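Participant: As a plain string of letters, each chain reads:
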Amino acid sequence: SQTIHQWPATLVQPVGSPLSLECTVEGTSNPNLYWYRQAAGRGLQLLFYSVGIGQISSEVPQNLSASRPQDRQFILSSKKLLLSDSGFYLCAWTPSSYEQYFGPGTRLTVT
Amino acid sequence: AQSVTQLDSHVSVSEGTPVLLRCNYSSSYSPSLFWYVQHPNKGLQLLLKYTSAATLVKGINGFEAEFKKSETSFHLTKPSAHMSDAAEYFCVVSDLATDSWGKFQFGAGTQVVVTP
Chain A
1 SQTIHQWPAT LVQPVGSPLS LECTVEGTSN PNLYWYRQAA GRGLQLLFYS
51 VGIGQISSEV PQNLSASRPQ DRQFILSSKK LLLSDSGFYL CAWTPSSYEQ
101 YFGPGTRLTV T
Chain B
1 AQSVTQLDSH VSVSEGTPVL LRCNYSSSYS PSLFWYVQHP NKGLQLLLKY
51 TSAATLVKGI NGFEAEFKKS ETSFHLTKPS AHMSDAAEYF CVVSDLATDS
101 WGKFQFGAGT QVVVTP
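Same order as they appear, the protein sequences are chains A and B. Quick note on numbering: this note's numbering labels position 85 of the first sequence as 85, and the sequence is numbered without any gaps. Quick note on numbering: this note's numbering labels position 44 of the second sequence as 44, and the sequence is numbered without any gaps.
Please keep in mind that the hints were generated in silico from the structure rather than gathered at the bench. As the structure is a prediction and not an experimental result, all values here were calculated from the model. Misleading hints may appear alongside valid ones.
What the hints assert, rightly or not - Partial selection, computed: residues in chain B whose CB lies under 7 Å from chain A:
hint : residue
1    : Y29
2    : G43
3    : L48
4    : K49
5    : S52
6    : L56
7    : T77
8    : A108
9    : G109
Heads up, the beta-carbon is just placed ideally off N, CA and C, and yes, glycines get one too.
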């Protein structure tokens, strides 16, 4: 069966520090991968999606970037965090173009 | 363009009574529709999906939803609420005719509170 992992589960970082969040999927190949952010009291915002290695599309211009160095690995990064980057970050994958399956999330607090 | 509206931001029900979460969508073609549940500090879990098969869709944990094209609705119901149903619920639409890579449009969410 397929599983999706995210780490770390929680992270507290000072303003101006770098960020790296990792997402990996097991048990499938060539999935579509997605990064979402969920700010407090708000819905989900799609940040990036990828349909293959090295193929990244950005939905919202911001302080973040994404990379897909391997088929089942998706990384969210920032060179310098802002306070507004705080939130709950969710990675998701889809086996097709129908349902998406979500990881457990990373709670990021920027101080 | 596709969009989804969840008509209630908060719903409060007593344990053992029915639950109704309302969702209306807008889509230019034949949409796929989903309901997800999110417990605090957890990822989203798929409850059920509609992808142009039967209009009455049964999901996990006793939930079901009915696709009504004439009303552009996809309401989620459960006959008897359980304390463990307290969570946030998201209605989602995806339209493969306009987004072949499966872009999701999320509703704003409905917070469900279950009282003993």
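Participant: Against this structure, judge whether each hint is valid.
Facilitator: A quick look at each hint next to the structure:
no., hint, verdict
1, Y29, "violated (13 Å)"
2, G43, "holds (4 Å)"
3, L48, "violated (10 Å)"
4, K49, "holds (5 Å)"
5, S52, "violated (10 Å)"
6, L56, "violated (18 Å)"
7, T77, "violated (20 Å)"
8, A108, "holds (5 Å)"
9, G109, "holds (6 Å)"
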